[in-house]
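A.B. asks: For reference, the chains in residue letters:
Number of protein chains: 2
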Amino acid sequence: MPPDEALRQAPLLAQLSDQQLERLRAKAQIVQVQAGQWLFTQNDPAEFFYFVHSGQIRLFRLSAEGEEKIIELIGAGQTFAEALMFMGTGRYPVCAAALVPTELVAIDATDFTAMLRESPETCFALLGSLSQRLHALIAEIDNLALHSASVRFARWLIAELPIDTDELTLAWPKSTLASRLTIKPETWSRITRRLSEQQVIAVHGQVIRVLDRKALQQLGDSGDPALIPARQARKTG
Amino acid sequence: MPPDEALRQAPLLAQLSDQQLERLRAKAQIVQVQAGQWLFTQNDPAEFFYFVHSGQIRLFRLSAEGEEKIIELIGAGQTFAEALMFMGTGRYPVCAAALVPTELVAIDATDFTAMLRESPETCFALLGSLSQRLHALIAEIDNLALHSASVRFARWLIAELPIDTDELTLAWPKSTLASRLTIKPETWSRITRRLSEQQVIAVHGQVIRVLDRKALQQLGDSGDPALIPARQARKTG
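So the protein sequences, as listed, match chains A and B.
Residue numbers in the first sequence follow full-length UniProt numbering, run continuously in steps of one, and reach 237 at the last position.
Residue numbers in the second sequence follow full-length UniProt numbering, run continuously in steps of one, and reach 237 at the last position.
Since the hints were derived computationally from the structure, they do not count as laboratory data.
Each statement offered as a hint is correct.
In this list, chains with the same sequence are indistinguishable; a pair is considered to hold if it fits within one copy or across any two.
As a list, the in silico EDC-like pairs of lysine to aspartate or glutamate whose alpha-carbon atoms are at most 20 Å apart:
1) LYS69 to GLU140
2) LYS69 to GLU197
3) LYS69 to ASP142
4) LYS214 to GLU167
5) LYS69 to GLU186
Work the whole structure out from these sequences, hints included.
C.D. replies: Rendered as C-alpha cells:
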C-alpha cells in the first residue's frame, strides 16, 4: 500500500487526517493490472473509486461497432471515478484498462462518502483542496497558451524584421497585429513585457528593437516551454 | 445580476438548486471595477468570494520593494478566493485588480458555507462538479502537451525524410527517437496512431510512409492546435 505522502498527491485525499487515511486504508484494496488488462467495463456497478499509484490507465467508451473512443488518460497520483461517487450515478460510464503495468488503490466509495457525511469540516477541506488544484491547472493552461502565442509572436517578428537593422516600426495598431497572430491584445502586452524583462526586445511606442536575435530565434523554433518562463501557480484561493 | 446560466458556468455554483441560487443572490452584491482599479489588497478580511461575470482580474503579490508578482489571471465564468472560504484562513493572501473594466458578483462567504453545512448533498454535488472540472482540465493540458509533441514530431519527420522518396526507415528504436524529441514512448505511439487515422502517415514496422506531406508541413509550422484534434473531455467521473 502506498505511503500517506503518495496518497496525498490526489487533491481528494490531500486534506484527510491521519486517522481518516487509516480508515480508508482499512477498507481499500491494492489492485495490479498488466498492460492491456481491463479494470472495469462500462455499466459495471461503481463500488470503488481509484487512486493510481504507478502506471497509467486509459478510460474509453466502446461504440456499437466495438471501436474505442479514448476519453481520458489517468497517470500516477491521480484519482478517477470519484465524481461518480458524489453524483450517486452508481455505474461506471466508461471502460478502464491499463496502458502499462499499473498499481492502483481501490477505495470503498460507500465508506468514503459515509466518512464525509460525518464531517462537514472534511467536506470543506476537500472543496478547498479541489478548488486550489483547479486554480493551479487553469494557470498552467494559461501558461501553455501564452507559450504558444509567444512562439507565434517570435516567428512573426523574425519574419517582419528588416535585414539591415534590429528595429521594426509597427505599421498597424497593436490590436490589429495581435488579431493577425490570433492572440488577444492583452496577451500581446504580456508577451512584449515578458520579452522586455528578459532583454530579448525593447519596445518604445511603435518601435520594437530586437536586443537578442538568437534568443528570439530559439523561441520561434521551440516546441518546448523555454524562453517564456512558467508562471508559478500558487495557493491563491 | 447575471442570469442563473451565467453563474452556473462556475463549477462551484453549477450544481446549486434554483432555491440555493436565489438565496445566494439575496446576499450577493454586484461590483464594477475599472481597468487598473483594485478590488482588495493583501491581508484584507476575506468576507466574500467572487464570480467574474465579464472582464478579467489580476491576482498578485507585492514584494517589500513594491514590485508586483502576478499569481493568476481570472476570466469570465471563473470564481476566485473560494478556496480561502473552505480553508477558513480569513484574509486574502493576494491583491486583486481589474485588467479591463470588470463586473463581478461578490458572494457572502459566511452564508455560502452555512448553506453547505445544512446540506451534505450540496457538498457532494459541489465535490462532484469540481472533480469533473479537474478531469476536464487535466485532459486539456494533456492535449496541449500532445499537440506540442506532435509539432516536434512533424518537424523531425520532415527534416529526416529523404528528398526523393516519401518513406523513412527508422534507424533507431522508437524509444530512442522518442527520447531525442523529448516525448514519452507512449506519446510517440499516440501521435503516430492519430496521424495514421488522419491518413497523414502510414506506419509499417520500422517504415514511416508520408501520405500527405502538406498536412505534415502545416502541423510542423503550426503554433495553433490544428491537425491533431482536441480529444473531448467528457464526464468520466
